[in-house]
Amino acid sequence: MSQLRIENARVIDPANVFDDHRTLYIQDGKFADSCAADASVIDAKGLIACPGFIDLYARLREPGASRKGTIESESKAALKAGFTTVFCSPNTNPVIDSTATVELIKQKAMAAQGVRVAPIAALSAGLEGERLSEMATLKRAGCMLLGHSDKPIEDTGVLLSAMEYASSFNIPISFRAVDAAIAGNGCAHAGSVATRLGLPGIPVAAETVAIARLIELCKSTQCRLHLSRLSSARAVELVRDAKQQGLSISADVGIHHLYFTHEQIDGFNAHFHSAVPFRTLEDREALRIAVREGTIDSICSDHAPHDNDAKLAPFPSSAPGLSAFDAFAPLLMGLPDLLNMSLIDIIARVTSGPARVVADEERRSGEYSLNPGQAADLILIDPAAPADLDAQTLLSQGRNSPLIGLASMLDCTGEDVPLKGQVHYSIIGGAVRRSPE
Amino acid sequence: MIKSDPQFNQFNKLHHFLSIDGLDKTTLTHILDTAEGFTSVNDKAIKNVPLLRGKTVANLFFENSTRTRTAFELAAKRLSADVLTIDLVSSSTKKGESLLDTLRVLEALQSDMFVVRHSDSGAADFIARHVAPTINIINGGDGQHAHPTQAMLDMFTIRRCKGDFSKLCVVIIGDIRHSRVARSGIAALVTLGTAEVRVVGPQTLMPADVESLGVTVYRDIDKALKDADVVMGLRLQSERMSSATIPSTSEFYQAYGLTPERMRLAKPDAIVMHPGPTNRGVEIAASVADGKQSVILQQVTYGIAVRMAVMSIIMGHGEEVREAEMNKE
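Protein sequences appear in the order of chains Y and U. The first sequence begins at -16 in this note's numbering and counts up by one. The second sequence begins at 108 in this note's numbering and counts up by one.
Everything labelled a hint here was simulated from the structure, so no lab data went into it. One or more of the hints may lead you astray.
Said to hold, decoys possible - Facing chain Y, a subset of chain U residues (Cβ under 8 Å, in silico):
hint, residue
1, S205
2, L206
3, L207
4, H225
5, G229
6, A230
7, F233
8, G250
9, R287
10, R290
11, A315
12, V317
13, S319
14, T323
Just so it is clear, CB atoms sit at the ideal spot from N, CA and C, and this is done for glycine as well.
With these hints in hand, go ahead and build the complete structure from the sequences.
Given below as structure tokens:
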């Protein structure tokens, strides 16, 4: 399909602050001003057209843990979520610290015909926090983002060096801030619920001490620092202050953290056992405000598919993480009402927001819009369609979502948010990757 | 979604005994009253009653225990049950078999009741949610979460010695953070309407938001003991010393040890309790543990009657489920 015309859609293009009905034209994989009269046509009446979503953190599990998920299964589930680009965690086996692994993932992604898979390159060899990875080589191989999965780099000397080295090549680094010694064997927010359940807690300080350390090193190294998956009100304050000082800092939040609190773990519900713990109502409120005001630039999936056995254990022994792709689009569509934001501003947090985080100025990849000349990555979403969370039709291999079978968040969190929103079309580089049956 | 409280069966009766959380005052009082009836059994020359004749109780201990396991064994035997004790500490679960696999094998032994001890908080809850509905579960201690039969025997002891909970000031000393005995004890004391529950210890031994459990927190043991009716010590686990939670046992004794001098700050008729085994000279002075205010050995004795009460109550409710299941077939 070399030429495509999309008619009657409500076009939302956050980079251009555009929200209105217009026709979109695609030629040779890029947006265009017009196209031939015999171009294929999609009638998108009732649908929203917007740039494809960018996920700054998901686990695709392959290579190494294909019993939990494969690049094929998860990159198709990601299309259902509305993503067209997914940055995948380097905590695979082998770790993404060599061009060979990057190539392997790219080939698998190509074969799968799902989303664009963008490997996050490990900052240290083997994620062991001792030697630097070959960052410049990995960048040449196509890695636009460095990271360290959920593992902190404990040696501050190594961390400083890694940040200095990364800044030499202008590659942004994404960290989930956690101080391993403070977090210890904790498996839930250190608060009233964990105390009642006798679960070892993860104090807020485990996150904030690590953020303060990263911010100081960011100051001295001038590296581009991205703080991934914030969890607490105090973390938001630290990020806000650092941004006000003009540091090159960005941040994201996992979408589930905008909905859940530690109350959900009551009854030892292992579905809510997350590496980044769900904290208090106040923390959740601060995260919501941070998304609204832009302190948080991006909303990611933090997708963590697991095999069924991984959750069939007592809470502390169950594997942490939630499968997020299948429910992502409806959760996102619920946010404008919940956060008192316009839809265009919410969509900005999954399009232009994350695009800016990973933008490479030299390659002018910062612009992420529907403008002519840009790669035609877009989705068509029906915001009113009931969510497809039927256990039989899930696309992710990970069934570890507390939202399976739900039509509203009411039964889950008590907030009356209907689960609506279905991605009907996903178009990547002008090619239709997902369409209705 | 997860069923809110797995302790209750389809007839809304107590089917498992997993934690004090979620149980009301009437239920707790019923257990205590039932235990009263069993204390007389234990005083007789022939100490058996036939309530659980023909039933099999399996003790599944995934974590070391001598006292609790023995008390459960004795309680089950006095109710005329067949008792099976399976030491799982060193066996299959260490070899990579999942808890669920182990559970399925044990189900096949056709027991009626499992008494479970496990090092994971929530293990008993997990087992209750996954076990066949005809089996009753008693939590014999799960991680740092709950030890509800210990709490009930403590309540039984307090009620026998002191009577009305609404007039009592109870002080719990030491490692609240890592203690399932403390969590269940606090929950029971609060549910039974205790006038004041105080906890005292250094911040390193307190869990986050401990006040949310309904207790008053003290740092100074002398202030905490003032006018107390009941003083409960907790065992200080030796591994706490190797981590950075307290500097040494001698320093702990200096700061929080229950000494005869300190006991004088409590009411003259205050009782001293401890779940055992005691670390003498660490959390409690020998003269206090053996003194005339100590009811530590009574706690052990009452533990049998209380466990008989819990076993007979939930086994009775289990019968209704087993009959219903039979009728289905």
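(message) Checking hints one by one. Is H225 (chain U) an interface residue toward chain Y, by the C-beta closer than 8 Å rule?
(response) Constraint on H225 (chain U) satisfied, holds at 7 Å.
(message) Quick check on the hint: T323 (chain U) CB to chain Y CB, less than 8 Å?
(response) 15 Å, violated
(request) Against chain Y, run the beta carbon of G229 (chain U) and see if the smallest gap drops under 8 Å. (result) 4 Å, holds
(message) Given S319 (chain U) as an interface hint, is its Cβ closer than 8 Å to any Cβ of chain Y?
(response) 4 Å, holds
(message) Min Cβ distance, R287 (chain U) to chain Y: is it shorter than 8 Å?
(response) Cβ of R287 (chain U) sits 6 Å from chain Y, so the hint holds.
(message) Quick check on G250 (chain U) please, does its C-beta sit within 8 Å of some C-beta on chain Y?
(response) Nearest chain Y Cβ about 6 Å off; hint holds.
(message) Can you verify the interface hint for A315 (chain U): is its Cβ closer than 8 Å to any Cβ in chain Y?
(response) Because about 4 Å separates A315 (chain U) from the closest Cβ in chain Y, which is inside the 8 Å limit, the hint holds.
(request) Grab the minimum C-beta distance from L207 (chain U) to chain Y and call the hint holds if it beats 8 Å, violated otherwise. (result) 5 Å, holds
(request) Closer than 8 Å between Cβ atoms is the bar; does F233 (chain U) clear it against chain Y? Give me holds or violated. (result) 4 Å, holds
(message) Holds or violated: the hint that L206 (chain U) contacts chain Y, with Cβ atoms closer than 8 Å.
(response) OK, holds: L206 (chain U) within 8 Å of chain Y, min 6 Å.
(request) Tell me if V317 (chain U) is really an interface residue toward chain Y, meaning its C-beta lies closer than 8 Å to one of theirs. (result) 6 Å, holds
(request) May I ask you to test the interface hint for A230 (chain U) with respect to chain Y, counting a Cβ-Cβ separation under 8 Å as satisfied? (result) 4 Å, holds
Consistency with the previously given hints fails for number 14 only.
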